[in-house]
Amino acid sequence: MFNKFKMFFIAILFATTILNAQNSTLSGFITDAETGEELISANIYVIELETGTTSNEYGFYSITIPKGEYTFRFSYTGYKKETTTINLKFSVSTNIELVPDSYEISEVVVQGKKDDHNVTSTEMGTTEIIPKEMQSVPVILGEADILKTMQLLPGVSQAGDGNSGYFVRGGNIDQNLILLDEATVYNPSHLFGFFSVFNSDAIKNAKMIKGSMPAEYGGRISSVLDIKMKEGSNKDFRFTGGIGLISSRLSIEGPIVKDKGSFLISGRRTYADIFIPLFGDEALTNSQLYFYDLNLKANYRFSNSDRIYLSGYFGRDVLGYEDQFGFDWGNISGTLRWNHLFSEKLFSNTSLIFSDYNYSVSILSGDNDFEVTSGIRDINFKSDFQYFYNSKNKFRFGFIGYYHTFLPGEIESAGGNVNSYKVENKYGLELAGYLNHEVDLSHRWKLNYGLRYSGYLNLGPGTVYTYDEDNIPITQESYEGGEIISNYGGFEPRFSATYLIDETTSLKGAYSRNYQYIHLLSTSTTSTPIDVWLPTTDVVKPEIANQVSLGFFKNFLKNEYESSVEVYYKNMENQIEYENGADIYFNEHIESQLVFGTGYSYGLELYLKKNFGNLTGWISYTLSKTEREFPDINNGESFSARQDRTHDLSITAIYKLGKWWTFSTNWIYYTGDAVTFPSGKYNIDGNTLSLYTERNGYRMPDYHRLDLGLTYLLSKSKSSEMSITFSVYNAYHRKNAYTITFQESETNPNNTEAVRLALFGVVPSVTFNFSF
Amino acid sequence: MKNHTYIIKELMLSLFFISLSLVFISCEDVIEIELTGVDPAIVIEAGISDDGSVSSAIITKSTDFFEPGVYEKVSNAIVVINDDDGNSYQMMEVDDGEYQTDLITGQSGSTYSIEVNAEGQIYNAESSMPIKIVLDSLSLELAPDRPNQEEGEERYFLHIYFKDPPEIDNYCRFKITVEEELLTGFIIYEDKFTDGNDIDVRIILDNKELDLNIGDLIEVDLLSIDKAAFDFYNTANSVNTAGSSGRGSSSTSAAPTNPVTNWNNKALGFFSAYTVSQDSIIFEK
Chain A
1 MFNKFKMFFI
11 AILFATTILN
21 AQNSTLSGFI
31 TDAETGEELI
41 SANIYVIELE
51 TGTTSNEYGF
61 YSITIPKGEY
71 TFRFSYTGYK
81 KETTTINLKF
91 SVSTNIELVP
101 DSYEISEVVV
111 QGKKDDHNVT
121 STEMGTTEII
131 PKEMQSVPVI
141 LGEADILKTM
151 QLLPGVSQAG
161 DGNSGYFVRG
171 GNIDQNLILL
181 DEATVYNPSH
191 LFGFFSVFNS
201 DAIKNAKMIK
211 GSMPAEYGGR
221 ISSVLDIKMK
231 EGSNKDFRFT
241 GGIGLISSRL
251 SIEGPIVKDK
261 GSFLISGRRT
271 YADIFIPLFG
281 DEALTNSQLY
291 FYDLNLKANY
301 RFSNSDRIYL
311 SGYFGRDVLG
321 YEDQFGFDWG
331 NISGTLRWNH
341 LFSEKLFSNT
351 SLIFSDYNYS
361 VSILSGDNDF
371 EVTSGIRDIN
381 FKSDFQYFYN
391 SKNKFRFGFI
401 GYYHTFLPGE
411 IESAGGNVNS
421 YKVENKYGLE
431 LAGYLNHEVD
441 LSHRWKLNYG
451 LRYSGYLNLG
461 PGTVYTYDED
471 NIPITQESYE
481 GGEIISNYGG
491 FEPRFSATYL
501 IDETTSLKGA
511 YSRNYQYIHL
521 LSTSTTSTPI
531 DVWLPTTDVV
541 KPEIANQVSL
551 GFFKNFLKNE
561 YESSVEVYYK
571 NMENQIEYEN
581 GADIYFNEHI
591 ESQLVFGTGY
601 SYGLELYLKK
611 NFGNLTGWIS
621 YTLSKTEREF
631 PDINNGESFS
641 ARQDRTHDLS
651 ITAIYKLGKW
661 WTFSTNWIYY
671 TGDAVTFPSG
681 KYNIDGNTLS
691 LYTERNGYRM
701 PDYHRLDLGL
711 TYLLSKSKSS
721 EMSITFSVYN
731 AYHRKNAYTI
741 TFQESETNPN
751 NTEAVRLALF
761 GVVPSVTFNF
771 SF
Chain B
773 MKNHTYIIKE
783 LMLSLFFISL
793 SLVFISCEDV
803 IEIELTGVDP
813 AIVIEAGISD
823 DGSVSSAIIT
833 KSTDFFEPGV
843 YEKVSNAIVV
853 INDDDGNSYQ
863 MMEVDDGEYQ
873 TDLITGQSGS
883 TYSIEVNAEG
893 QIYNAESSMP
903 IKIVLDSLSL
913 ELAPDRPNQE
923 EGEERYFLHI
933 YFKDPPEIDN
943 YCRFKITVEE
953 ELLTGFIIYE
963 DKFTDGNDID
973 VRIILDNKEL
983 DLNIGDLIEV
993 DLLSIDKAAF
1003 DFYNTANSVN
1013 TAGSSGRGSS
1023 STSAAPTNPV
1033 TNWNNKALGF
1043 FSAYTVSQDS
1053 IIFEK
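Residue numbers (the working numbering), protein chains in the order written: chain A, 1 to 772; chain B, 773 to 1057.
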């Protein structure tokens, strides 16, 4: 089926090449003049024709226009514009180098992609962030953090203190696809959500798409966060880093062969355990508490049409208490990519990717000596083609396949009461093919539509059970390696349209349908590293979502202000919950413990952003509702999803005071999670038990917190920069509840009370940053 | 839940909270929360054992959560227990809400059913008495010190030794009484990972909570229970506000529901047929 699509398109290519004799193509790569780093989504504009294009994620651009002489303007936020006149008699290949803006920071002229992109692009519900914008957002412990910044946007909500992951438009945590240089990241944070795994010094570009994703993305039904790392300077050696109170980071980049190849090594480690001896307790002294990230990249350009990239990521969190308990988890990924230019109009990227997430708990206490592990592993092959037909039409097509191995749980025991035990591995093949067309129908109308077909094959070796009403297995069937146990598939149409009302105002609408074949089962309502990834099987069907959205976008005062209003509605099928009293851990028959239902979410997102001036920043507000309906829960009546956040407000402000000082702040407020609290209690054999009535009928207390940051620039020159950042997380020490537990009062056992555990009080920090 | 996945769960979650509070300035305090009330629901706790003691039923009502722990007792109910030979025995009300009969002694392998007629509603349940498991012996051991442990706050391991019958699914509950006071929390066991092994269940006795003195009598009842009772105790632990087995009922529970019950008509509680094996040990330092 995929072959048919490809053949069809190559045929069209031939036909159109012949018909395009009147046109010529200008193409090439746009890079940073000082480092050779490719610029993503840079602007290429033909002044006489009032048309243009943007560079793709590898810095490649291609624009096909009628033959003639034109003035081309190349621009990108943070760089000086380049304007050249080119006589386009034949197709020309020109690589452009843009010079970064002068280092005088009082200049705040921002031109380029960001001008009116939010109004004119067909990307709905999408935000693209380049690190220059991210540096000033105050986050914990002085480090800019891409995940925390994304959570300040409308429609994207943090999962709460101590939780890794986030919710997008009411979707679950596992419904967000997170890609780091095309490799899937299964757990994007360290230390229970306190830090993300992304070292911001090494990020080139980050794009968040809230659901109406174009056809080249799929596999998760709520959102895509596509992060591209820097490649490393191919002109000179650079060092960037920071030394902070609790963590430090260092990046080293440089050329392998000048102007042709470069490498980047980027690492980060915390050392919270260094401070433990200060508590003065001997037992704690032998404890460990740290995490690290290491990114390794190298690339080489063989010719103007071929480039190879190799990258690897290693990250781990390690907790340990003496010899007795050890708990660690982390991601590993490796990617090999090949960019190939078939012609000045046809760009391709082919990748081979390996990705692994696992956790392990080891217990050595008394007679017991055992280790528990679980995880998921992927091998992934994809090929993507971009055909820049002309300045008004761009096509994209390709295919992607994942071979998943699920390791739901294994206990290896060396002694004691516990026997070794293993829940069978599961295997699956996830495939998709897609075709997309982006077209400017006229000056006012733009469309971006496409079709994706995805499928999932549940493969052996394995054993499949069927269950009776009491969840007792009644039949059992074994499959060999490679045998297909079950299969699913479906079409995922994607559509979005932009209508330009005038140069600074537009109306956009979008529809998308998405399938998801892997699911995260959580052992509690807070996400933990011990949550288990499970595949689609006979019992667990693919999750499917349909989303429609409509938005109004307007810029004011020559793009100084950006604003938007978006509304969306999303429905989700085959959502998963546990049945009452489910047996969750190391259960060979975990599927029998699951119940299925539907979910829906709708909301209104308001956004106002100020781009220039000494004061910049934005305000996001989301009003929404997310509900679930399951025949087996709450007597079949619909109930609020845990992540139903009626109000979600973020205010971010950055103020530049003169040349040396930058002050930044953000304030977040959201309605507390929907939870189940007891309404009554009763006594059994001397024990007081809570009595529940409806599911998620109560709310946790509202969450709000203020973060502050102050950066002082110690020195800045053309080749180096040093600064020091002071920051305070949760400045007014709000005790946001992580859990609320209902228990017997310690003072009077006859009474019961509610006890709140708040995780993060006020956390101050200092970081010294450098780059040279 | 299996004994050892239970330990794993406990340890993993404890590690979590230890590590979280280690690093961050986290804190715990009592807060005011408003909870809506609920109409009092009927609670029936009934059982039959094999040791010749009385078969009993206790019938009470629930109350609103922040009210004092005073539970209305239900009198004048008709409680009848039947064995699988068709014999019926009625329990007499010996105290408010408490019903008993000593005319029937349970036997492993038999199935018993019970019918309760209270306040115009009829409730039925059934339970099979499982194979007897014999408690071999007990021992006490001093546990390693915790961080910041002070004098008088030591912990001890109470070891309970028994042999798990192989080739059958076995479920147990341990009732531990220290100087006639029953420890709270439902301490349960399942042989999912330990079938047929010589078992050593280790219970932590915390002097911080118990105030143990030399010469104190510690009694242990090993109850062999059926799966339905095990499921009840297991799910009840996640809503238990007291005891070390439940960390109170937490807002983070993934499937927050009332315990599974074998009563048919929306009664809380359960009916269980079980065997009992007892032993005791004197606490010495």
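Simulated from the structure, these hints should not be mistaken for laboratory data.
Keep in mind the model is a prediction, meaning the values are calculated, not measured.
Among the hints, a few may not be true.
Claimed, not checked - To spell it out: a stretch of chain A is covered by chain B in this simulated footprint if at least three of its residues, at any positions, have a beta carbon under 8 angstroms from a beta carbon of chain B; those stretches are:
1. 677–684
2. 747–755
Said to hold, decoys possible - Here are the simulated lysine-lysine pairs, BS3-like style, with alpha carbons at most 25 angstroms apart:
3. B:Lys999 x A:Lys422
4. A:Lys80 x A:Lys735
5. B:Lys833 x B:Lys947
6. A:Lys422 x B:Lys964
7. B:Lys935 x A:Lys422
8. A:Lys625 x A:Lys716
9. A:Lys67 x A:Lys392
10. B:Lys904 x B:Lys999
11. B:Lys964 x B:Lys935
Ideal Cβ positions, reconstructed from N, Cα and C, are used throughout, including at glycine.
Any of the earlier hints contradicted here, and which numbers? The structure conflicts with hints 4 and 8, although it agrees with all the remaining ones.
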